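Asker: Chain residues, written in single-letter form:
Number of protein chains: 2
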Amino acid sequence: MKFILSLKDENVAMDHEEAFGALGSALQSFVNVDDQLCRTIIPFPHNPHYNAVALKKYDRMSLADRFSELGDKLTPPERDVLEAILSVQTGGTMENSSFWDLLRAWALSNYNWADYLSAAATYKLRRGQSHFARCMFDEAANTGRLDYAFSTPVAGIKDVGNHTEITSKSGAIFLSRRVVCTVPLNVLHELPFTPPLSPLKREASVLGHASRAIKINVEAENPELRSLGGLAHPPGKVTYVFGDGTTPTGNTHIVSLGTVPTGVGLQPAKDIKEISEALRLFADNMEITRLVFHDWNKDPYSRGTWSWYQPGMATKYVAALRERQGNVFFASADWATAWRGCIDGAIEDGKRVAKEIADEIKEGYEF
Amino acid sequence: MKFILSLKDENVAMDHEEAFGALGSALQSFVNVDDQLCRTIIPFPHNPHYNAVALKKYDRMSLADRFSELGDKLTPPERDVLEAILSVQTGGTMENSSFWDLLRAWALSNYNWADYLSAAATYKLRRGQSHFARCMFDEAANTGRLDYAFSTPVAGIKDVGNHTEITSKSGAIFLSRRVVCTVPLNVLHELPFTPPLSPLKREASVLGHASRAIKINVEAENPELRSLGGLAHPPGKVTYVFGDGTTPTGNTHIVSLGTVPTGVGLQPAKDIKEISEALRLFADNMEITRLVFHDWNKDPYSRGTWSWYQPGMATKYVAALRERQGNVFFASADWATAWRGCIDGAIEDGKRVAKEIADEIKEGYEF
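Residue numbers (the numbering used here), protein chains in the order written: chain B, 1 to 367; chain D, 1001 to 1367.
Read the hints as simulated data drawn from the structure, not as lab findings.
Because the structure is a prediction, the values reported are computed rather than measured.
All residues carry an ideal CB built from backbone N, CA and C; glycine is no exception.
Treat the hints loosely; a few may be bogus.
The following label-pair restraints were derived from C-beta to C-beta distances [what the hints assert, rightly or not]:
(1) B/25 to D/1025: 19 to 25 Å
(2) B/295 to D/1073: 56 to 62 Å
(3) D/1137 to B/175: 29 to 35 Å
(4) B/72 to D/1284: 54 to 60 Å
(5) D/1053 to B/299: 30 to 36 Å
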């Protein structure tokens, strides 16, 4: 299978290498604000605010601002392809997606497009995310010092000085010397904290990050679709598809992503015809046998997908989001320093907070 | 200050950017065995043996073999500069330094020379290595569950089935369910294990890695030497120098490295004139106020510097070196998978073994 570019009036089938080369070249022009591929803008990718002057300048910009700045330096097809792929990566619009978050991700990807695209779509966990989470849970449980409760929605988090009381909706009360809150940015303001969430944390959470992409896992009978890839612009119901693996029965697992605005309304459980038609834009013989879908945007515990900040948010909120409030610490990929919005970012921020608490409790604070 | 290239009959003073550009370009030609900057050779830098065909081919080669293969594709100055910098990096000769270890380091450095040179010489710990080690020690000690002894040379390590007895030279006996041995490769065979070290481990240790560089920290009065850089070929007593910082009194800290064969005999405590003359090749007005030196090659607890394998060692020994023997586990940067010979490698391999032991003890093995 080829890589299918579906642009306005034409459908182009390209070799994968050709497609990624063209995409990479356009992406490189897009981020290359310093003629050094961003090395001077974010010289230390794990310390992205190191160059404060650059932060001030580029954090204000949206992706749309950067497109305007480049004007006709991008050809119309370059612009279309880039808008399509960026809309998938940010999950937002070109207007509400921060240019800074792209520069950050680019720096983390070794300042080159091959690694940037690989980081986004190539690497995955051999046994999946659930298995990975289970490994971490088992390691904690194996210490013999873990108590836990799942499926216990929270009705209140009350800091009473030397400890914190968490009340569940069913009425159970949990006492804790310290609390680690890992609730996502877009949900944080809905939690009933006493004393209340700090004004900047609340403001950031109400504003929210931009990402509202949807992802539908598709199982199709056609084995040749394993090597399918495709981008559509202007975005249809599905903006990006790729063959992600072969199932034990020889079917193909296809990942399809819909973007703002047209893709986010997809409800495959209610209307399978809509998604089928959108997918057949890329492969008109696709024989769908199964769809797996969860609407993270409507899920009250996420209210969005991976984090992509809006313009200005990094400057204004990221430090505040990382601050503790009394006994409550806040750890999330959504305000990680490096791989924000990614599993690595969740691990990074979890480690930060775990170390802070371990040090503090060791220093003799008493319950 | 400029970057001083001291080659056979000429001393050339170059701008730093020019020097690193030339060096980078030569280095890129040297490692580019697949016309894709090694991406097909080691596609996953943290899993360097993934491409077994490439391992088989390139692990056999020394750096000298690669120079022969390239023949006149490198100009004589390119070859000189490259030999000088590589002799510093490997700490060995071109004949006994593995080409594979260079490809590994290159892949880890994002397949580009700017990151490769930065990884080798730019990044450092803000408060130094001793402070970093102290942080780790304090974290362990703060658990309240750490017993420790320093300066206690070992006379015997005897595995007696369900536990291990370690006898110190002073006669004290330590009993342990599991032992983590972090003794460097070049020393390992000298330890009195019962039962004895496995044949492959022993063979690897007797053979040893190639690195015998020496490093002398120099404090000089001249503030302008902060931006000194220099390489000499053929190597004199000092092969590489660079200004590494300014001391609180305004003096300059210069790092100087000597290489095999001429540099390793330096004994600054015995003959300050010899090192002074070698350094003045790069800056004839250098006013030395202090030297700090430790001879890791003569130190019975290291017998070499950072690890750089000889040709063929990765294929033949690395898996064997990582194997446990009964209750004894072996963790060292010298057989780490990724950043072998570096602090990151030590952390990587320590984590590997710590997890194995934690899992095993949890599973109910009894003392």
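Asker: Next, verify each hint and record whether it holds.
Answerer: Hints, one by one, checked against the model:
1. B/25 to D/1025: 19 to 25 Å: 22 Å, holds
2. B/295 to D/1073: 56 to 62 Å: Cβ of residue 295 of chain B to Cβ of residue 1073 of chain D: about 58 Å, so the range 56 to 62 Å holds.
3. D/1137 to B/175: 29 to 35 Å: Holds, at about 33 Å.
4. B/72 to D/1284: 54 to 60 Å: Since the Cβ atoms of residue 72 of chain B and residue 1284 of chain D sit about 56 Å apart, the hinted range of 54 to 60 Å holds.
5. D/1053 to B/299: 30 to 36 Å: 46 Å, violated
Checked against the numbered hints above, the structure breaks only hint 5 and satisfies the rest.
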